[in-house]
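When we follow UniProt numbering, the leftmost residue of the sequence shown carries the number 1, and every step to the right adds one.
One or more of the hints may lead you astray.
Computed Cβ-Cβ distance ranges for the label pairs, DEER-style [what the hints assert, rightly or not]:
{"id": "1", "residue 1": "P201", "residue 2": "P57", "range": "25 to 31 Å"}
{"id": "2", "residue 1": "T128", "residue 2": "R38", "range": "29 to 35 Å"}
{"id": "3", "residue 1": "R38", "residue 2": "S82", "range": "15 to 21 Å"}
{"id": "4", "residue 1": "S109", "residue 2": "D150", "range": "51 to 57 Å"}
{"id": "5", "residue 1": "D204", "residue 2": "K48", "range": "44 to 50 Å"}
{"id": "6", "residue 1": "V112", "residue 2": "D268", "range": "43 to 49 Å"}
{"id": "7", "residue 1": "D204", "residue 2": "T75", "range": "36 to 42 Å"}
{"id": "8", "residue 1": "G53", "residue 2": "E188", "range": "44 to 50 Å"}
{"id": "9", "residue 1": "T55", "residue 2": "V97", "range": "24 to 30 Å"}
For the record, the hints were derived by calculation from the structure and aren't laboratory data. Keep in mind that this is a model prediction, so the values were computed, not measured. Backbone N, C-alpha and C define an ideal beta-carbon position, used for all residues, glycine too.
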Amino acid sequence: MALERLTQRPPLECFDWIAGTSTGGILASGLAAGKPLRELMNTYFLIKDKVFGITRPFDDRELLKILKEILGEHTVMNDIQSVKLLITGTLCDKSPVRLHLFRNYASPSSMVAPDAPPERTPPLADHTQQVVWQAARSSGAAPTYFEKFDRFMDGGLIANNPTLDTLTEIHERNLALKRVGRSDEVTELSVVVSLGCGMSPVQDLDVDIVWPDDPLEFANNVLGIVKILNILSSQTTNPDNAVVDRARAWCSMINVPYYRFSPTLHQDVDLATKDDKVLATILWETRAYMYQRYGDVKTCAQLLAQ
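Using the sequences plus the hints, can you model the full thing?
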């Protein structure tokens, strides 16, 4: 919203590509469908009231109803033509699991080899068949919070920060376009903007695992294993730190400005938080953070307005 105020333009008039994972996939779909930011924020407050229950996994019937209302029950990816849209999902019907990109355009591989046999049986829907709300639901199938959707689990399991995946996709699509004689459609990047959901505060950590000879030390070892599992889980889905550094380095190598905006929150916040006071605090912290980085926000907005 800060960028929208400074550019005096809706996001669809500022970006050629929009990508998102999990909750970001729902937001990206809504933006690509032309929904105003304020309406999408209101939708999220509706989701937390109607979808997040007492026990997990949550019943997704209300979520599906909301997604159909904001994205259209029969709208397919190809119906969205104002922007290139990417939504990530984790294809989990075979091992190893694989990142899947829901696109509103033909994939680079299908452009180069349109008659190639499908990689999966039954074949995955292409951009002319894939329903948008189903793609958004697939990307947001967070383990333990919601059951998987069809063959998909949450895209955050592989691409919780999809910046590098989007840059890779743009590069591969550009190569495919040149190969099939459509060089006039190549995307020339001018700025990359990455938006996060907020970073948890830094906490002290004391962890080590050894196999003790003393049975009395076994309990401490179990606690250490739990901590290691938490580390593995958090780092697998970490959208910040090294992931951001890699994206920034990629953009620097191709001389493209890169902006990452993600405030540090005052506490760990569960994905299914319903407490209005906690959510209001997050909104305030985000607004304060954007004011603190006003110089970067203003420069970014100027580039987007060009």
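Hint check results:
1. P201 / P57: 25 to 31 Å: 28 Å, holds
2. T128 / R38: 29 to 35 Å: 31 Å, holds
3. R38 / S82: 15 to 21 Å: With a Cβ separation near 19 Å, R38 and S82 satisfy 15 to 21 Å, so the hint holds.
4. S109 / D150: 51 to 57 Å: Since the Cβ atoms of S109 and D150 sit about 21 Å apart, the hinted range of 51 to 57 Å is violated.
5. D204 / K48: 44 to 50 Å: For D204 and K48 the Cβ distance comes to about 31 Å; the hint is violated.
6. V112 / D268: 43 to 49 Å: Once the Cβ atoms are compared, 45 Å apart, the range 43 to 49 Å for D268 and V112 holds.
7. D204 / T75: 36 to 42 Å: For D204 and T75 the Cβ distance comes to about 48 Å; the hint is violated.
8. G53 / E188: 44 to 50 Å: The hinted range 44 to 50 Å holds for G53 and E188, with Cβ atoms some 47 Å apart.
9. T55 / V97: 24 to 30 Å: 26 Å, holds
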